[in-house]
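Chains as they are written, first to last, in full-length UniProt numbering: chain A, 1 to 289; chain B, 1 to 289; chain C, 1 to 289; chain D, 1 to 289.
None of these hints come from the bench; they were simulated from the model.
C-beta: ideal position from N, C-alpha, C; glycine also.
You may find that some hints are simply not true.
[Claimed, not checked] Here are some, though not all, of the chain D residues that point toward chain C, as calculated from beta-carbon distances under 10 Å: (1) 17; (2) 43; (3) 204; (4) 206; (5) 224; (6) 237; (7) 244; (8) 286.
Number of protein chains: 4
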Amino acid sequence: MNTKVKLNRAKLLISCPEKPGIIWTVTNFLLEHKANIVHFDQHTTNPQAGIFFMRIEFDLEEFDSTFEKLEKDLHVMAREYALDWQLSSNERRKRMAIFVSKADHCLTELIWRWKSNEIPVEIPMVISNHADLKELVEGYGIPFYHIPLSQETKEDAEQKVLELLKGKVDFIVLARYMQILSPNFISHYPKQIINIHHSFLPAFVGANPYVRAFNRGVKLIGATAHYVTNDLDEGPIIEQDVQRINHRYTVADLKTAGRHVEKRVLAEAVSWHVEDKVLVHGNKTIVFA
Amino acid sequence: MNTKVKLNRAKLLISCPEKPGIIWTVTNFLLEHKANIVHFDQHTTNPQAGIFFMRIEFDLEEFDSTFEKLEKDLHVMAREYALDWQLSSNERRKRMAIFVSKADHCLTELIWRWKSNEIPVEIPMVISNHADLKELVEGYGIPFYHIPLSQETKEDAEQKVLELLKGKVDFIVLARYMQILSPNFISHYPKQIINIHHSFLPAFVGANPYVRAFNRGVKLIGATAHYVTNDLDEGPIIEQDVQRINHRYTVADLKTAGRHVEKRVLAEAVSWHVEDKVLVHGNKTIVFA
Amino acid sequence: MNTKVKLNRAKLLISCPEKPGIIWTVTNFLLEHKANIVHFDQHTTNPQAGIFFMRIEFDLEEFDSTFEKLEKDLHVMAREYALDWQLSSNERRKRMAIFVSKADHCLTELIWRWKSNEIPVEIPMVISNHADLKELVEGYGIPFYHIPLSQETKEDAEQKVLELLKGKVDFIVLARYMQILSPNFISHYPKQIINIHHSFLPAFVGANPYVRAFNRGVKLIGATAHYVTNDLDEGPIIEQDVQRINHRYTVADLKTAGRHVEKRVLAEAVSWHVEDKVLVHGNKTIVFA
Amino acid sequence: MNTKVKLNRAKLLISCPEKPGIIWTVTNFLLEHKANIVHFDQHTTNPQAGIFFMRIEFDLEEFDSTFEKLEKDLHVMAREYALDWQLSSNERRKRMAIFVSKADHCLTELIWRWKSNEIPVEIPMVISNHADLKELVEGYGIPFYHIPLSQETKEDAEQKVLELLKGKVDFIVLARYMQILSPNFISHYPKQIINIHHSFLPAFVGANPYVRAFNRGVKLIGATAHYVTNDLDEGPIIEQDVQRINHRYTVADLKTAGRHVEKRVLAEAVSWHVEDKVLVHGNKTIVFA
Numbered sequence: 001m002n003t004k005v006k007l008n009r010a011k012l013l014i015s016c017p018e019k020p021g022i023i024w025t026v027t028n029f030l031l032e033h034k035a036n037i038v039h040f041d042q043h044t045t046n047p048q049a050g051i052f053f054m055r056i057e058f059d060l061e062e063f064d065s066t067f068e069k070l071e072k073d074l075h076v077m078a079r080e081y082a083l084d085w086q087l088s089s090n091e092r093r094k095r096m097a098i099f100v101s102k103a104d105h106c107l108t109e110l111i112w113r114w115k116s117n118e119i120p121v122e123i124p125m126v127i128s129n130h131a132d133l134k135e136l137v138e139g140y141g142i143p144f145y146h147i148p149l150s151q152e153t154k155e156d157a158e159q160k161v162l163e164l165l166k167g168k169v170d171f172i173v174l175a176r177y178m179q180i181l182s183p184n185f186i187s188h189y190p191k192q193i194i195n196i197h198h199s200f201l202p203a204f205v206g207a208n209p210y211v212r213a214f215n216r217g218v219k220l221i222g223a224t225a226h227y228v229t230n231d232l233d234e235g236p237i238i239e240q241d242v243q244r245i246n247h248r249y250t251v252a253d254l255k256t257a258g259r260h261v262e263k264r265v266l267a268e269a270v271s272w273h274v275e276d277k278v279l280v281h282g283n284k285t286i287v288f289a
Numbered sequence: 001m002n003t004k005v006k007l008n009r010a011k012l013l014i015s016c017p018e019k020p021g022i023i024w025t026v027t028n029f030l031l032e033h034k035a036n037i038v039h040f041d042q043h044t045t046n047p048q049a050g051i052f053f054m055r056i057e058f059d060l061e062e063f064d065s066t067f068e069k070l071e072k073d074l075h076v077m078a079r080e081y082a083l084d085w086q087l088s089s090n091e092r093r094k095r096m097a098i099f100v101s102k103a104d105h106c107l108t109e110l111i112w113r114w115k116s117n118e119i120p121v122e123i124p125m126v127i128s129n130h131a132d133l134k135e136l137v138e139g140y141g142i143p144f145y146h147i148p149l150s151q152e153t154k155e156d157a158e159q160k161v162l163e164l165l166k167g168k169v170d171f172i173v174l175a176r177y178m179q180i181l182s183p184n185f186i187s188h189y190p191k192q193i194i195n196i197h198h199s200f201l202p203a204f205v206g207a208n209p210y211v212r213a214f215n216r217g218v219k220l221i222g223a224t225a226h227y228v229t230n231d232l233d234e235g236p237i238i239e240q241d242v243q244r245i246n247h248r249y250t251v252a253d254l255k256t257a258g259r260h261v262e263k264r265v266l267a268e269a270v271s272w273h274v275e276d277k278v279l280v281h282g283n284k285t286i287v288f289a
Numbered sequence: 001m002n003t004k005v006k007l008n009r010a011k012l013l014i015s016c017p018e019k020p021g022i023i024w025t026v027t028n029f030l031l032e033h034k035a036n037i038v039h040f041d042q043h044t045t046n047p048q049a050g051i052f053f054m055r056i057e058f059d060l061e062e063f064d065s066t067f068e069k070l071e072k073d074l075h076v077m078a079r080e081y082a083l084d085w086q087l088s089s090n091e092r093r094k095r096m097a098i099f100v101s102k103a104d105h106c107l108t109e110l111i112w113r114w115k116s117n118e119i120p121v122e123i124p125m126v127i128s129n130h131a132d133l134k135e136l137v138e139g140y141g142i143p144f145y146h147i148p149l150s151q152e153t154k155e156d157a158e159q160k161v162l163e164l165l166k167g168k169v170d171f172i173v174l175a176r177y178m179q180i181l182s183p184n185f186i187s188h189y190p191k192q193i194i195n196i197h198h199s200f201l202p203a204f205v206g207a208n209p210y211v212r213a214f215n216r217g218v219k220l221i222g223a224t225a226h227y228v229t230n231d232l233d234e235g236p237i238i239e240q241d242v243q244r245i246n247h248r249y250t251v252a253d254l255k256t257a258g259r260h261v262e263k264r265v266l267a268e269a270v271s272w273h274v275e276d277k278v279l280v281h282g283n284k285t286i287v288f289a
Numbered sequence: 001m002n003t004k005v006k007l008n009r010a011k012l013l014i015s016c017p018e019k020p021g022i023i024w025t026v027t028n029f030l031l032e033h034k035a036n037i038v039h040f041d042q043h044t045t046n047p048q049a050g051i052f053f054m055r056i057e058f059d060l061e062e063f064d065s066t067f068e069k070l071e072k073d074l075h076v077m078a079r080e081y082a083l084d085w086q087l088s089s090n091e092r093r094k095r096m097a098i099f100v101s102k103a104d105h106c107l108t109e110l111i112w113r114w115k116s117n118e119i120p121v122e123i124p125m126v127i128s129n130h131a132d133l134k135e136l137v138e139g140y141g142i143p144f145y146h147i148p149l150s151q152e153t154k155e156d157a158e159q160k161v162l163e164l165l166k167g168k169v170d171f172i173v174l175a176r177y178m179q180i181l182s183p184n185f186i187s188h189y190p191k192q193i194i195n196i197h198h199s200f201l202p203a204f205v206g207a208n209p210y211v212r213a214f215n216r217g218v219k220l221i222g223a224t225a226h227y228v229t230n231d232l233d234e235g236p237i238i239e240q241d242v243q244r245i246n247h248r249y250t251v252a253d254l255k256t257a258g259r260h261v262e263k264r265v266l267a268e269a270v271s272w273h274v275e276d277k278v279l280v281h282g283n284k285t286i287v288f289a
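This is chain A alone, in the form it adopts within the complex (with noise of 0.2 Å):
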């Protein structure tokens, strides 16, 4: 949720090794700063001796002259107390490219929750290997590249989109991207490309996710956001829901139906992303929604 983005607010996440009065001394850092803490969000794998996890969302009074001294001021507490942090202020909205192949579904379902304020980014172009959705996409005024692709020109293709992308995009979301990125490109994005695969992950691992629910005959099909790494469909889920089916659901019908958990799994995911509630931690997600 997300419906009026207050400007003045900030968010702060902090990962760091557990150590008693974590909480204290960041609120203290923030009390100093004038800051309203609005929401507090919290995690600990262990508090004896795990990895602790905190989301502050936090309003500033005087914005302007505080924002840099506070990022300043993070700096050398997060050296003194060994503190991963990311600080975001809503004034500055993050910037998604979106990949596309043909399907449209999930690609609608975003830019209509980012015409409508739900997920406030900007979207600065939308790359395809497929040239059916330009029309569709330049309708809104987004710029759309298309990137064509064979085995053979991968490589200078993902050239091409980086080139693209560079200074321009701070994440990717893959609304239904029919290719497999390679190690070289993901390493440019780390943690910031966000996948859709139409399955119930680890069910249906690959392609053809649909064909095979038909053929082992489940009840329920599934579709999972997730982080992109260089292992196909292994990285950090960050959202799954599932869809009751029955026995006269066809392969057609089953991807028909899965359009719908597919983009509505997705469009969570990326306002999470977008609001800064998801933490990574080794191959899973913390998500304080």
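With chain A held as given, fit chains B, C and D onto it using these hints.
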């Protein structure tokens, strides 16, 4: 749902190669036998050349005089039309053996639904490789047999169990029974053994699904009730459901939360089996629920 | 689900007083007309003396030659057996008018499902009491009529709308249309106007359901698609669903979250209506989904 | 979830008018008492001038020496900062009385979760206006009191019950107890009586919700656990859930299906209450689940 069991009601399951007029043929047959159709369900894998499945629930006004006649005439029609059929009268309750190990949640749910007449069966016996649940079971007046089992004694133990069951039991429910049945054992009860697997199959086939769900970082856990075949966790799925979890759940929490899905899913599947709502086709089920 | 519309397929809906042999009679009739039954659904409110409902989907090999004959013969049978019936061929798409005000989420979903052939209808027009969505609608090549409306002009406005619809539209979808239709208007489209109410009816009948849900502190919000009758929010319910919320949701967040349930529930209900899967009985529906 | 109860763990609930530094103040206090925070949840109705709610779960290394000191110091801090607070140690189990009438499904579920240590309470007694469940309850070694009740004897009966409870019970669960408690009775256990209502409130307040759900033709039935106040079925909602039904369900089927939702929803709500995860604010709850 099976709130009140009408005694003069019967259920007819039919499967056969698809051919025009099959519904007419069967309803004509029932009409001639003065059977009043209450529920009629049908499915075809392909209207041109597939397999046709049918479930009819009907009332018989003069039950005593016609049920045997009905069966005899069904034999004749079945030969002529190459039907597989199964006829059950509500007058005769199915006899269910429950196999358990140490966990009691699925057992308790089944017993409660049996006592409250929600699952209208007889329970001639509970069999276990441990003695832990003896008192609980006998407290309900149900015979409990403790048949210990090691890798070496498995064959003998299974033989003993088969003798106990012989002529007394129509189907078997593995209510978190932590042993793998041999192909020989299974061959005595084809499509008549229901297992509950503590994952959303085909995810996490085999041992320790909750540990593996924890490690994979899934956002939903599930349970699957299926008929037992020789391929572990690969038999026809009857029912599945899931439960939302989050990063706060430890493995122990997953086990606790999972119990509630397991018992619900197993009890639903058993209900449908008892009410003759499940037809098996290859490795899949048609469930007329 | 309606992935691929088979053109030589037809659907027959029947309701009549329960009487022995009704299924046989109808299947016999179809057999004589060389209709091959693909799906058969049936329901009775009481097998002894209730109302019987039936939905049959069937293929016609020689469609052109037999459909009119089928209708004529149905008339004869209907008289004899006191049947209410409705026959639809997939060859003729239903024509759906959409009424909107300012919100576009339900409209967008319906248009997407129409464009992707998931809801196989024609959309001859969209009608609104506001001009806001004109550009969106016309972008899809759909005629848009802006008919403003005040308390004083309501009667005239409705008259204008009725003239626009006349002979061009089979049913109407109120896709968050924020006006109450008069009994006179409704009488022109009995059981042919579908509304989406933004609550889990009968909770929060009337205005501002999200505000009232917030004040009551419910833990789930819902949406309800129903046929419109003269009693506000009291017509036969076609579909409902809910969405989990928590104490963090403001009224604005409820509205945002609710939109996704609304659009999904409405689109499902419209699908079923279009596929002739809904029968109305008094103030309730039988949905053969 | 409450798989394993750690004994040296405590939970602190705080509510107070929002004011900068409140999180810092409380965490500082805990730090000084060498409390190690394990879970921290927070909510504010309005970051500028609302009410602030906080739940902290923490471990105490030297429990015996510090718990009383902690309470004394909390008193001091509370006065200074106008805090409402509640401190619970896992060492002391809450004492829960269960009130029942004739239905046993909610009772059975609560007892099973208690026996399996999923709900870590003591059950000093079960009280009923009928004798039906006496044997069941006593079979678990729990005292059962049969206090019959008519319109005329209600005042006396409630008096008797209050005496039975006095000093022995912390909170009361109405597990399908079919009597309305008087304002006098309720005043003895403010926010400490949990009821399960067999509908999705505010739909079907009052008697016979399943009959009314059947007549209205809803597509989902529900259950609601709430704290009891003087306004029937109007108290703060703790948890709700729903179950999909269809036109085949009779009223009896709704009751059967509803039992499973009722018992699940009630048990969840009781779990959260026992784990001090529920704060009441006016007629609403904040649930840190």
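**Asked** Hint numbers the structure violates, sorted upward?
**Response** Structure breaks hints 1, 4.
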